Amino acid sequence: MDGATFPTSIGTSDPTAIRLLGQDLASDLMGKVGFGELAFWLVAGRRPTPQETRVFETVLVALADHGFTPTAIAARLTYLSAPESVQGALAAGLLGGGSRFLGVTEDSGRFLAGVLAAHKGPLPGDDEGWDALALAAVTEAREARRLVPGLGHPVHKVQDPRTPVLLAIADEEGLRGPHLRLFEAIGRVHPRVLGRTLPLNGAGVCGAALADLGLPVDLLRGFALLARAAGLLGHLAEERRRPIGMDVYMTVDRNATYVPDED
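Sequential numbering from 24 applies to the sequence shown in this note's numbering.
Rather than coming from a laboratory, the hints here were simulated on the basis of the structure. Fair warning: this is a prediction, and the values are worked out from it, not measured in the lab. All C-beta atoms in this analysis are idealised placements derived from N, C-alpha and C, irrespective of residue type, glycine included. Keep in mind that the hints are not guaranteed to be accurate.
Here are the in silico distance ranges between beta carbons for each label pair [claimed, not checked]:
# : residue 1 : residue 2 : range
1 : GLY237    : THR39     : 33 to 43 Å
2 : GLY68     : ILE41     : 10 to 20 Å
3 : THR35     : GLY245    : 16 to 26 Å
4 : ASP284    : VAL84     : 48 to 58 Å
5 : ASP37     : VAL282    : 52 to 62 Å
My request is simple: use the sequences and hints to build the entire structure.
Take a look at the structure:
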């Protein structure tokens, strides 16, 4: 339609231009701003620093495995049954994992933010202080029979390989903030409360890193979904090259034993 405009709070599209974040999409952003930087900018309402961009994109890469680990079955079977509908397979893959994988990033960030918000007085200045805060938080969660998110991993039983890398990068960039420090402290003290040692998993450390970047806790699941899409697209491409969707179906679905949820 002549003269039609479609304004939103972050941009406007009209017959001759697309404005986004106060910039001309074609001339100011395309080829000059990376996708991770743009995603951060859209959410935070400010352009990230190079240091923030590095940590943020590290998180997106770290969570890409959530696109090929839990979603492979759903995406492959959907693509196999409806190969003309790639978007259907994407939807199945993105949603199929549910909260078990996508939710850990959000749950960890929310748990850490809640502990920090409830803390009275200045934040700790050394590991001993952080350990005391973490010990109290883990003890309270244990007594309330609540899960401490970010602990344990079904594959990486001793150490999630992503965790030390993200911590080191955040440290290099001067962005090892209170959420990450509290998360590290939980890793040190939780065996004293839970009676066993669990690794700090990658989804949890990503939640802490995103919270330290000042991104809204309510949107942390969305960043996990964004990262998942990369791995999922890779799986769809693999299915085109070497279809194994039916093998997955025959192995998993036909041999599954379904148990009613008592809870």
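Here is what the structure says about each hint:
no. : hint                       : verdict
1   : GLY237 / THR39: 33 to 43 Å : holds (35 Å)
2   : GLY68 / ILE41: 10 to 20 Å  : holds (18 Å)
3   : THR35 / GLY245: 16 to 26 Å : holds (23 Å)
4   : ASP284 / VAL84: 48 to 58 Å : violated (35 Å)
5   : ASP37 / VAL282: 52 to 62 Å : holds (56 Å)
Taken one by one, the earlier hints fail for this structure only at number 4.
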